[in-house]
Amino acid sequence: MNASLDSFKYDDAIVRKFLVATFVWGLVGMLVGLFIALQLAVPSFNVAPFLTFGRLRPLHTNAVIFAFAGNAFFTGCYYSSQRLLKARMFSDLLSRLHFWGWQLIIVSAAVTLPLGFTQAKEYAELEWPIDIMIAVVWVIFAVNFFGTIAKRRERHLYVALWFYIASIITVAILHIFNNLSIPVGPLKSYSIYAGVQDAFMQWWYGHNAVAFFLTTPFLGLMYYFMPKAANKPVYSYRLSIVHFWTLVFMYIWAGPHHLHYTALPEWASTLGMVFSVMLWMPSWGGMINGLLTLRGAWHKVVEDPVLKFFVVAVTAYGMATFEGPMLSIKSVNALAHYTDWIIAHVHTGALGWNGFLTFGMIYWLLPRLFQTKLYSTKLAELHFWLATFGMILYAVAIYSAGLTQGLMWRAFDETGRLQFPDFIETTMKLMPMYWVRAVGGGLYIIGMLLFGWNILKTWAARPKVYDEPVIQAAPLKVQAHKPEPSLHRRWEGLPLVFSLLTALAVIVASLFEIIPTFLIRTNIPTIASVKPYTPLELAGRDLYIREGCFNCHSQMIRPFRYETERYGEYSKPGESVYDHPFLWGSRRIGPDLAREGGKYPDLWHVRHMQDPRSITQKSIMPPYPGLLTSTIDFAGIQKRVDVMAMLGVPYGDAVTQKKAAEMAKAQAKEMAAGIAAQGGPAGLEDKEITALVAYLQRLGQDIKQATGVAHHAAPADGGM
Amino acid sequence: MSTPRDEDRLLDHQYDEIQEYDNPTPGWWTWIFVATILWGALYFFNVIPGIGTGKGRVANYESEMAAAKAKYGEAQAPKQASAADAASVLASLHDPAALAAGKEIFTTNCVSCHRADLGGQIGPNLTDDFWIHGNKPQEILTTIVNGVPDKGMPTWSAVLKGDQLAKAAAYVISMHGTHPVAPKEPQGVKLEWAASSEPGASEHAHGMENHENGEKH
Numbered sequence: 000m001n002a003s004l005d006s007f008k009y010d011d012a013i014v015r016k017f018l019v020a021t022f023v024w025g026l027v028g029m030l031v032g033l034f035i036a037l038q039l040a041v042p043s044f045n046v047a048p049f050l051t052f053g054r055l056r057p058l059h060t061n062a063v064i065f066a067f068a069g070n071a072f073f074t075g076c077y078y079s080s081q082r083l084l085k086a087r088m089f090s091d092l093l094s095r096l097h098f099w100g101w102q103l104i105i106v107s108a109a110v111t112l113p114l115g116f117t118q119a120k121e122y123a124e125l126e127w128p129i130d131i132m133i134a135v136v137w138v139i140f141a142v143n144f145f146g147t148i149a150k151r152r153e154r155h156l157y158v159a160l161w162f163y164i165a166s167i168i169t170v171a172i173l174h175i176f177n178n179l180s181i182p183v184g185p186l187k188s189y190s191i192y193a194g195v196q197d198a199f200m201q202w203w204y205g206h207n208a209v210a211f212f213l214t215t216p217f218l219g220l221m222y223y224f225m226p227k228a229a230n231k232p233v234y235s236y237r238l239s240i241v242h243f244w245t246l247v248f249m250y251i252w253a254g255p256h257h258l259h260y261t262a263l264p265e266w267a268s269t270l271g272m273v274f275s276v277m278l279w280m281p282s283w284g285g286m287i288n289g290l291l292t293l294r295g296a297w298h299k300v301v302e303d304p305v306l307k308f309f310v311v312a313v314t315a316y317g318m319a320t321f322e323g324p325m326l327s328i329k330s331v332n333a334l335a336h337y338t339d340w341i342i343a344h345v346h347t348g349a350l351g352w353n354g355f356l357t358f359g360m361i362y363w364l365l366p367r368l369f370q371t372k373l374y375s376t377k378l379a380e381l382h383f384w385l386a387t388f389g390m391i392l393y394a395v396a397i398y399s400a401g402l403t404q405g406l407m408w409r410a411f412d413e414t415g416r417l418q419f420p421d422f423i424e425t426t427m428k429l430m431p432m433y434w435v436r437a438v439g440g441g442l443y444i445i446g447m448l449l450f451g452w453n454i455l456k457t458w459a460a461r462p463k464v465y466d467e468p469v470i471q472a473a474p475l476k477v478q479a480h481k482p483e484p485s486l487h488r489r490w491e492g493l494p495l496v497f498s499l500l501t502a503l504a505v506i507v508a509s510l511f512e513i514i515p516t517f518l519i520r521t522n523i524p525t526i527a528s529v530k531p532y533t534p535l536e537l538a539g540r541d542l543y544i545r546e547g548c549f550n551c552h553s554q555m556i557r558p559f560r561y562e563t564e565r566y567g568e569y570s571k572p573g574e575s576v577y578d579h580p581f582l583w584g585s586r587r588i589g590p591d592l593a594r595e596g597g598k599y600p601d602l603w604h605v606r607h608m609q610d611p612r613s614i615t616q617k618s619i620m621p622p623y624p625g626l627l628t629s630t631i632d633f634a635g636i637q638k639r640v641d642v643m644a645m646l647g648v649p650y651g652d653a654v655t656q657k658k659a660a661e662m663a664k665a666q667a668k669e670m671a672a673g674i675a676a677q678g679g680p681a682g683l684e685d686k687e688i689t690a691l692v693a694y695l696q697r698l699g700q701d702i703k704q705a706t707g708v709a710h711h712a713a714p715a716d717g718g719m
Numbered sequence: 000m001s002t003p004r005d006e007d008r009l010l011d012h013q014y015d016e017i018q019e020y021d022n023p024t025p026g027w028w029t030w031i032f033v034a035t036i037l038w039g040a041l042y043f044f045n046v047i048p049g050i051g052t053g054k055g056r057v058a059n060y061e062s063e064m065a066a067a068k069a070k071y072g073e074a075q076a077p078k079q080a081s082a083a084d085a086a087s088v089l090a091s092l093h094d095p096a097a098l099a100a101g102k103e104i105f106t107t108n109c110v111s112c113h114r115a116d117l118g119g120q121i122g123p124n125l126t127d128d129f130w131i132h133g134n135k136p137q138e139i140l141t142t143i144v145n146g147v148p149d150k151g152m153p154t155w156s157a158v159l160k161g162d163q164l165a166k167a168a169a170y171v172i173s174m175h176g177t178h179p180v181a182p183k184e185p186q187g188v189k190l191e192w193a194a195s196s197e198p199g200a201s202e203h204a205h206g207m208e209n210h211e212n213g214e215k216h
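Chain order of the listed sequences is A and B. Note that numbering that gives the first Met the number 0 numbers the first sequence so that position 206 is 205, with each residue one more than the last. Note that numbering that gives the first Met the number 0 numbers the second sequence so that position 127 is 126, with each residue one more than the last.
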């Protein structure tokens, strides 16, 4: 043997660990998904306080995104990076810390979310100590990954690694800047941003979490596992260069399309839209390179479940990345926003692209990692068909639900009035579709169980001791330098330059939107009558956050006649300047609450929270009877108000004289007396329900006073 | 459109046995990409009518509202129920089918505050002789039509259609004096319950009005 060659072994033990975690968390995340889907059809499945839709929905999304897709990415990344770089991972210790750290984060999420600890920002719900843990574990992963690149024995980086690099760098940036917050307690914090700016940062993060956690990592996986499984060369190296750079640069701009027609400045919303449309072809570059790599291998697709999964995955990716730009067009978005259409869109991506790519990859890995035959190809085939059929059922049902509700919301009758003014009517129409969705999801999960059985049986047939082949490769320093045919080719051999360029693309693109959002004052015209929440209302707002009300109720009325007829004056940027975090919401399973204040008497809210169906017979809202018995944490209110003041909310006496708790008690006492006088339960002056109702009754009130929108005659309105 | 060529040129590098072709990016891909960029720039700079945000979302909203106002008039303005409306309430009162419909409307929309037996809970008892906003058919209908937003009674004309409003009012009138168990304590002023629920009530309506106006003051 050549003496200048290094001998080393790949670490596949860590890949096996991630693989098992992928399956376990995937099953958990999907079961939670099925459970919350059923909660929408059968409200009695809500078991307050821990197992309500509002608390479990983030558990489902976090589990599927970070636990299932995250572990899937790590599985494929650890397997392929070592082989593409011809090097064992930089450090076995870091690999293990990464694995166990990530699982600990997932367990923390699974415990804290049902307990009601949340930042109220989608896919960034986890509270600050867990956020710090995520940042630390991500840095461990990055050090391990870039360390491996540093000791590589392959000069040039293959396209899969470009996508891994972009993902690792960008996720770190997104995660840190969206989660900046000031702690109020061990598991409670307030975002440093408020209102419009918080919304902007959240969707800059939220959209790019989809981009750099669910898209680019999986494109990387596709670039490795697709040609491997098909045993064919990748279709076009040039296409991979163009679509990589355009994707990385353009994705970052697209976030504001989640906020069309909201109080976000229109220029930002327009930028989000045009970049989303321009993103169509860069996204499709990945699909083309995937599908055309299969040229001449289509006969293999017939017999190989791995390739079948890949073909559907890439097709679903193509559909989702066509639909995404389409949904970002304002007029289409006006119909789809707040409806199940968006839920359908993300499930095309999650079930189809992430799910199927993961299944295909793991079926390909199983015989290689466990060094035996796959237990059953037939079962894998059955898994494929169940998952495909389940996904189609899911999609058909939920697309119809989204369209139905969107059209019902905007329908006017011949006299110019809303045709379905009663919100619950539009909800009831969706019930049959919710059942079909649950059946579709159920089939997908049955497929998942077959998958688990196949993994288990294959694992059971593993050899007593794994064979760990010794790999030999020349270290970089003894490899001959060949002249580089192009500039890009040279970058591929310079990982530091490559990574810096990637970071630069992402950061520059971000700053184009972030700087004006934060610096241009006219973006958020102030409204003099908008005042901070009282200490009691702030405590109530935190209960609204704890119960995850924002998962089903928006607080953002768009400037359309069908919205203002239903909910009242459209929302203005200046209205949420004290909202740390913003609570605009993204889905209306129930009606918008931006103008809820003063609409019903306090007692109505008390009864409604206690048992929504005693007020609205067909309501699907979970009941919260516990709010009538649990006590307000008056002692903790001062700290909350102080932190808000630190963030610039003008609290005056409440802070300087430390009067927050006193003020809250006085307001609660007055409200409780009013509720009792209306014939409601007595003794609510220290109960959580009072704080929550105080908050709800405040919503939208400030601007009513400013514009005189209040009813023509409001003689006895002095109480506010 | 470029079709995949049979003779793909393989690049000389390989990574873990993965090879790459040197195929060009498909022509249609490039052209659509260029087209979306051009369109994006035009849309953003908003210089050509029809491509771009035009006058913006607020201006669009305002013209949408103005158009609706021109077409349908001031639909939102609170309105007094007319004598003709009141007559249709009285007509419903003697039509069992209309009363049944009224009961259904009441059950769906009103029981959460007034209880299924109308005994009152969040809102007042509707079966006793005490009334906050008057007990004549026309007044009851007006209260339902406009609501009492300050006290939490919704503006039902935004939800229910004309004949539904009258039927609901008729059902309320028909339930007067039913003495539900454990009703809410009386609210408002005691008003004489006159002829409104009796057959031929419309003939008495005028006289009743005068009588009540006198009593109120």
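Some hints here could point you the wrong way.
Said to hold, decoys possible - Now the stretches of chain A that chain B is said to cover, found in silico as 3 or more residues with beta-carbon under 8 Å:
| id | stretch |
| --- | --- |
| 1 | 5-12 |
| 2 | 91-101 |
| 3 | 414-426 |
What the hints assert, rightly or not - Here are the simulated lysine-lysine pairs, DSSO-like style, with alpha carbons at most 30 Å apart:
| id | chain 1 | residue 1 | chain 2 | residue 2 |
| --- | --- | --- | --- | --- |
| 4 | A | Lys372 | A | Lys299 |
| 5 | A | Lys668 | A | Lys530 |
| 6 | B | Lys70 | A | Lys664 |
| 7 | B | Lys150 | B | Lys189 |
| 8 | B | Lys160 | B | Lys68 |
| 9 | B | Lys70 | A | Lys329 |
| 10 | B | Lys189 | A | Lys428 |
| 11 | A | Lys530 | B | Lys150 |
| 12 | A | Lys617 | B | Lys160 |
| 13 | A | Lys703 | B | Lys160 |
| 14 | B | Lys54 | A | Lys329 |
| 15 | A | Lys703 | B | Lys54 |
| 16 | A | Lys617 | B | Lys102 |
| 17 | A | Lys329 | B | Lys150 |
| 18 | A | Lys598 | B | Lys54 |
| 19 | A | Lys598 | B | Lys68 |
| 20 | B | Lys150 | A | Lys617 |
| 21 | A | Lys703 | B | Lys102 |
| 22 | B | Lys189 | A | Lys598 |
| 23 | A | Lys598 | B | Lys150 |
| 24 | B | Lys102 | A | Lys598 |
| 25 | B | Lys70 | A | Lys703 |
| 26 | A | Lys428 | B | Lys160 |
| 27 | B | Lys150 | A | Lys703 |
| 28 | B | Lys150 | A | Lys668 |
| 29 | B | Lys70 | A | Lys598 |
| 30 | A | Lys16 | A | Lys329 |
The set of hints was computed from the structure by calculation and includes no laboratory data. Predicted model only: the values in this text are computed from it and were never measured. Don't be surprised by glycine CBs; every beta carbon is placed ideally from N, CA and C.
Which of the numbered hints are not met once you compare them with the structure shown? Result: hints 1, 2, 6, 10, 17, 18, 21, 30 break, sorted rising.
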